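Chains as they are written, first to last, in my numbering: chain A, 1156 to 1504; chain B, 497 to 784.
Pairwise CB distance ranges (calculated): (1) A565(B) x H1175(A): 36 to 42 Å; (2) A512(B) x S1433(A): 46 to 52 Å; (3) G509(B) x H1175(A): 37 to 43 Å; (4) H1175(A) x H765(B): 56 to 62 Å.
No lab work stands behind these hints, which were simulated from the structure alone. This structure is a prediction, so every number in the text was calculated from the model and none was measured. Even glycine gets a Cβ: it sits at the ideal position worked out from N, Cα and C.
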Amino acid sequence: MSFLRHLRTMLWLDLRQAWHGRLIHVCLGLGLVFGLAVRFALPAQLDLGDPPQVADLTEDGRFGTYFAEHGLAEAGAVHDSLEDLEAAVAADPDAIGLALTGTPAAPGATMILQGHEPESTVVALRSGIAGIWAENGVSRPRAHRLTVLRPERPRPPFNLSMIPMLLTIDVLVVGFFFGGVMVLQDRSLGTVGAYRVTPGGTGVYLASKILVNVILALVYTALLLVIAPPQAVPLLSLIAVVCLSSALLTTVGIGVAVFFRTLSSFFYPASLISLVLSAAMPAYFFPAFNTPWIRALPTYQAMFTLRELLLPSGRPSTLGEFCLTIGAGLVVALILTTLAVDRRLLREA
Amino acid sequence: MIEVEDLTFCYRGGAAPSVRDVSFRVPKGEILGILGPSGAGKSTLQKVMTKLLPLQQGSIRYDGVRIDAYGRDLFARIGVSFEHPNLFPKLSGRENLTCFLGLYPPRPPDQREDPDALMDEVGLGDAKDKLAGDYSKGMKQRLVLLRALMHSPDILFLDEPLSGLDPATGERVKGLIDARRRRGVTVILTTHNMTLADQLCDRVAFMHEGVIVDIDSPRALKLRAGDHTLRVEYRDGGSLASALLSPSSEPDRARLEELFSAGLVETVHSQEATLEQVFIQLTGRALR
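Let's have the full structure, built from the sequences with the hints guiding it.
Here's what the structure looks like:
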């Protein structure tokens, strides 16, 4: 009972401190800005670049209609001669050119590249050319077949697909950084010295800080999801993921911060750790970027578990596995951080 | 009753113990002043006594119970005031007093301190709702002292309680501490302030290089270790002259009798040593 009474006292005090230290403002601000960005600023469809410059130089001019149907003529990307095409590609350093030549019996194509394109682009372009010829009457199609695993689950709009990543960023910033900042604020004000000589112990001190950050993470999540609703909101699962992730990263943030005396000395190692934790983000856009150590990051696991919850693709749920892994990590982090806080913060050196 | 026996504490990597074989007893309701220069071991002693540093060697007992038998419940019995104000700057003065109260066991209403009354008592009545960050150094110092009193502790550890206070406010704070003593609160007071120690402390312990070199009432210390003299003012021709004469010196006694016999003596004042002088005599160095 006394633990709960102590926790209530410290929670109220830490919430006041978070308010006065503008941590709550930052949290609400991030939620608002990211929510509005998802809702109004980010496009639903991502256009990754200008269309290729093309020219139909076949003997029968069979691609005129095809280019028109794909909006290339409208975009001013269709040219009548190889010279015009080369001039257009030369004028834009990011452009690529494609001239289709020959007959259905002897199909040909000329690719015009800037020279800096990766090999993958050339391979994709070759396949594209084969595909275009195939769609236009060549008897021996060489295009790759496209298979969609879950055609009943359409690809989520680009703007909504950002939500899991923005939630993970918040858990990272609010949890890891704010946890550390709260401890170092206590240290710089000397108020941790005043706390040392009260009956409140290490457990209460730590639990209160973790709870404050979990509350902030939940408020941020609610704000973001109210402004930019995703495709699904399984409330209990979502709360579990946000609470566990936030608690783990707050604990780690506090555990690291107690080894430093000032915010400025904490800043550089904290930035380095944040950079490592952020290494999960590229994997969201480039699935190949998922080495075993990146997959082990709590941010990676949180991000993809959140994606499956909020934008369900029909894959088997990883929620149980996530809760077990992060829960185990949290227990270990709590033990180590409790020891560190007790030795380095709540006792004299 | 506080009992400290053979207490020795050495910091990790320290060449010599910061506190060595310290023993003393403080009965309930007494104010014990611990005096010494910086580095004498006063703060270390206080930190071990408040469990901020571990007990390495020796023993400390509060009412017969060893300090290591206490958990964090010890902090419900003791109140600690710091020399450097460690307040929440964005909370009001009153909130700073009450913010940690929920961490202490509830007290019956008649044993609870009233934050408003306490603030009035030390002249902070008009600043109760002002942010502590806007307080002057002296105001912060008083607030830190009041925070140590808020949970009605049995034992108070005060570190330089008059630091940064003007004389009038200092008198109020002394009154506040004295009132707690009359209620049976035991006070361990660490200070450089000789006047405070002289006026407020029942006993004074002089610390030097980690050792208590003497402990007694201020008066006894001054009488025992000080050089007692008489300041005599006498008529010398047409003017008034003065001389410091020691009653323990044969020539000085003869001179005094001569002045009295001649009817030349105008005033006689006894001149005691100060605590500072006693300390210098005991240790060969000044307190600061």
